[in-house]
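Participant: Residue-level listing of the chains:
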Amino acid sequence: MSITVYLVDDHRLFLSGVKAELAEDFRIVGSAFDVDTAIVEIRGLNPDVVLVDVHMPDGGGIAVIEGVNESNPDVKFLALSVSDQAEDVITMIRAGARGYVTKTIEPPDLAEAVRRISSGDAVFSPRLAGFVLDAFAGAIPSEEDPELDQLTLREKDVLRLIARGFAYKQVARKLEISIKTVETHVSSVLRKLQLSNRHELARWASKRHIV
Amino acid sequence: MAVVRSFEFSRRKTNRVMGGVAGGLADTLGVPDAYVRAAFLTLLTIWGLGGVLYLGFWLMAYDKVEDREVVAVDTRRGLGLGLAFLGLMLLLESIGWWPNPALVLTAGALAFGTAALTDSSKPGPLAALMDPNVDRPSRTRLVLGVVLLIGGLSVFFTSIGAVFELGVVILAIVLTGLGIVVAFGPWVRRLAADLATERNERIRQEERAEMAAHLHDSVLQTLALIQRTDDPAEMMILARHQESDLRDWLFGSAPLDGVDLVSTALKDAAARVEKDHHVRVDVVTVGDHVIDKKAASLVGAASEAMVNAAKHSGADRLSLYLEAEDDALTVYVTDQGEGFDPDAVAPDRKGITKSIRSRVEKAGGTVEINSEPGEGTEVVLSMPMEAE
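Protein chains in written order, with this note's numbering: chain F, 1 to 211; chain H, 1001 to 1388.
Simulated from the structure, these hints should not be mistaken for laboratory data. Every value quoted in this text rests on a predicted model; they were computed, and no experiment measured them. Incorrect hints may have been included.
Unchecked claim - Straight line, CA to CA, 27 angstroms or less: simulated DSS-like cross-link-like pairs of lysine-lysine:
{"#": "1", "chain 1": "H", "residue 1": "Lys-1293", "chain 2": "H", "residue 2": "Lys-1275"}
{"#": "2", "chain 1": "H", "residue 1": "Lys-1275", "chain 2": "H", "residue 2": "Lys-1354"}
{"#": "3", "chain 1": "F", "residue 1": "Lys-169", "chain 2": "F", "residue 2": "Lys-103"}
{"#": "4", "chain 1": "H", "residue 1": "Lys-1293", "chain 2": "H", "residue 2": "Lys-1362"}
{"#": "5", "chain 1": "H", "residue 1": "Lys-1354", "chain 2": "H", "residue 2": "Lys-1293"}
{"#": "6", "chain 1": "F", "residue 1": "Lys-174", "chain 2": "H", "residue 2": "Lys-1311"}
{"#": "7", "chain 1": "F", "residue 1": "Lys-169", "chain 2": "H", "residue 2": "Lys-1311"}
{"#": "8", "chain 1": "H", "residue 1": "Lys-1311", "chain 2": "H", "residue 2": "Lys-1354"}
{"#": "9", "chain 1": "H", "residue 1": "Lys-1275", "chain 2": "F", "residue 2": "Lys-103"}
Can you build the whole structure from these sequences, using the hints too?
Facilitator: Here it is as structure tokens:
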């Protein structure tokens, strides 16, 4: 059974390009140019993975994620954007996206990302890894749940290697751990990113405008 | 002196009594509102000076343009205001119109006493006098307020005979002042508002013109170039270069005045390599550092390493990763290309490696090159830094 994918992007040209790229490996069940159509259709189709553009009229990618999250909790989101502003990245992840890639991603990498997301893993681009390292720098854990507010040394090692451009497989070999372990570390970082109420996170993201 | 350091000031929009001037000043100075109001009231008894100052501040304070406060009262202007005030006082004194000290004292004591009793705002610098943690007037403040009120009233009653004549004059002045405010206030306000609108409009127009100029120089030129090119690779490079340029322009924040950052320099270097050598460079930076001589040599070496990788690795994309800590910079230049045996490199490549090494080592850093045939190459450049 192949993975079902739904696409949301207000740029028609880009949408058709991605459709063509992914059609070989996945079953594209539908696509939408706007937020409202997307929410209705995704609720009905319940696809495995939704590729969603961050910047769209009427609330953008966030609105899509929030509109679907409750009714279809199994749908997994991969955010796609031309902007890799930290603010956008962090908000999308915190809304529930399991990964973030820029639109300049190579087609094979995009396919790999979709596959990874559908199997429940997180997709960290080098840039996202860099953002996370930056955001979690400095050791000021909150009182409530210090574990959520800090990365472990191992997680930092994994993120550093991803930031340096290594694929999960290479990261695993360099650290002499299994790919599964790398995936576990990345998922754990994703969870921290989504749940941590480390206030530096938001402040850092809004402060940082340099791409 | 009225103002001894530069500060920006704007009228308050909410929680105000009249024009939001006192509130705005209170915000700027970090003093509770009530005290600023008390100061204005006290100054009002000195020939209506409080009113004049209030109007003056009102006129100077434009409305907020988005988040930016527009009027900055700088040290020089503050000094000027102070001198003018002093001059005015001396002039009044010399012609015998010195305001009755008893009256000023009375009004001051009454105003500040009331302020001390009624102030429920967050404590400002005057907090030392008061208990900072209560909303209701604290005991100290209560006592202080009552003492001031009683003192003020008693001074007033003992000097009532002497002030009576003066009081009439002041009343006249105050009434005239009020009349002027009532009559011309709306007009003056509208004038100020119009000025602000006009100013905003001008700023918007300038921004639009600047944007048009930039797009013309960059995007339109590139689009024209792309139309004249039939080599897809060339098109790709043009588009990519334009993309990163536009992205920087849209989202990049200008570096601080005259201060260059290591991350910016590395991004520039990467953009040059992308343009000259037809590769894509993914730049990720964590932390940052102001560029100094050491950092500059690191950037130079990183640039050379990128060129080297672009030329020899066969990979079409490189990764550049900067990790800046307080006391060290580390740059990784990674490619997923052919790789090589570091012990058996061709002489021309050895030269480049040597030059990277000497650059970094001269500045006190270290270079590590990890490569194996078929495994790609990673150049690690480290530089100890002095903590900022």
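Participant: Against each hint, give a clear statement of whether it holds in the structure.
Facilitator: Taking the hints in turn, this is what the structure says about them:
For a cut-off of 27 angstroms, the pair hint linking Lys-1293 (chain H) to Lys-1275 (chain H) stands: about 26 angstroms separates their Cα positions. Restraint check for Lys-1275 (chain H) and Lys-1354 (chain H): satisfied, since their Cα atoms lie roughly 25 angstroms apart, inside the 27 angstroms limit. With a C-alpha separation of about 23 angstroms, the suggested pairing of Lys-169 (chain F) with Lys-103 (chain F) holds against the 27 angstroms cut-off. At roughly 11 angstroms between alpha-carbon atoms, Lys-1293 (chain H) and Lys-1362 (chain H) fall within 27 angstroms of each other, so this suggested pair holds.
Of the pairs offered as hints, the one joining Lys-1354 (chain H) and Lys-1293 (chain H) holds, with about 20 angstroms between alpha carbons and a cut-off of 27 angstroms not exceeded. Note on Lys-174 (chain F) and Lys-1311 (chain H): the hinted pairing holds, with a Cα-Cα distance of about 25 angstroms set against a maximum of 27 angstroms. Annotation: proposed proximity of Lys-169 (chain F) to Lys-1311 (chain H) holds, straight-line Cα distance about 26 angstroms (limit 27 angstroms). For the suggested pair Lys-1311 (chain H) and Lys-1354 (chain H), the alpha carbons sit about 16 angstroms apart, so the restraint of at most 27 angstroms is met.
Distance restraint check for Lys-1275 (chain H) and Lys-103 (chain F): the Cα-Cα separation of roughly 20 angstroms lies within the 27 angstroms cut-off, and the hinted pair is therefore satisfied.
In summary, the structure agrees with every hint in the numbered list given earlier.
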